[in-house]
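Build the full structure now, drawing on both the sequences and the hints.
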Amino acid sequence: MIIYRQTARVLVQGITGKQGTFWTQKMMECGTQVVAGVNPKRAGEQHLGVPVYATAQAARAESPFDVAVMFIPPAMAREAALDAIEAGARTVVILTEHIPSLDVIAIHHAAARHRTRIIGPNTAGIVTPGEGFVGIMPGHNPNIFQPGQIGVISRSGSLGTLICLNLTRAGLGQSAFLGIGGDPMIGTTTRDALQALDEDPRTRAIVLVGEIGGAMEEAAAEYAAGMAKPVVSFIAGRASPPGKKMGHAGAIVSGTLGSYEGKRRALESAGVAVADTPAEISGLLGAGPGNGLPRSTAHALPA
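The opening residue of the sequence shown carries number 370 in the numbering used here; numbering runs sequentially from there.
Heads up, some of the hints might be wrong.
Have a look at the derived ranges for each label pair, beta carbon to beta carbon [unchecked claim]:
| no. | residue 1 | residue 2 | range |
| --- | --- | --- | --- |
| 1 | GLU414 | ASP645 | 48 to 54 Å |
| 2 | LYS410 | ALA594 | 50 to 56 Å |
| 3 | ALA423 | ALA475 | 20 to 26 Å |
To be clear, the hints were calculated from the coordinates, so they are not data collected in a lab. Here a beta-carbon is modelled for each residue, glycine too, at the ideal position from N, C-alpha and C.
In structure tokens:
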């Protein structure tokens, strides 16, 4: 599962911590079906009205779940992810940044064996406006997210938030937001997310928010070339100097690999309209009357 659906049952690893508690409350307020949490020191207790277990595998027996989301420090992320994978989670949303590379490799290998979808590491999460969200995106804020037919893919949570805010202010709601994560080794690529939205009947147009570094946008461009749905993109890092990391660990240009120019050229060659600034995206989607994209009737206030 890449696109969140309200029927998904969610396990929160690290539910009793400050961030786990805050974001679990927000997820539940939006309709997310949180069925259990994990904290070995609080096993047997109730927190926010849901049972807490020592492990994901212990939770599985009494509180079956489909999705696990991790509010876990880097040093413990591997153990938590493997626990969720081996417990049968269909999707594991890894919010954690700075997980050691060998641990990330072990997580991806285990996920491949168990056919588990990994979103992240270093993702802000996934949102389906009107249904709920998993992660740390402000899916609870109706001034940012409104139901609609625009799918948004982003490696950056903050940029994704800004672009969804701009879309909502333009009257264009979202079918789904997919935060794929900003680390170099992630489980769900830009191409994977693009294909999921292409196959989603609720989505009529797609915004792809990329950034310098790696070759994911180039791979997505190859897929976009054969799509019927319109795709608009924004690539962050146009003015970044080569060899310097910009924000995310994956946002670094080495030689010509991962450059802004290369990504823009690949996307435009595939028929993708590339915005110079986030503010241009709504216009490129055709936010004016008669564009065929239904406009939200919600009044978007400042976030």
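Violations among the numbered hints, reported as their numbers in ascending order
none
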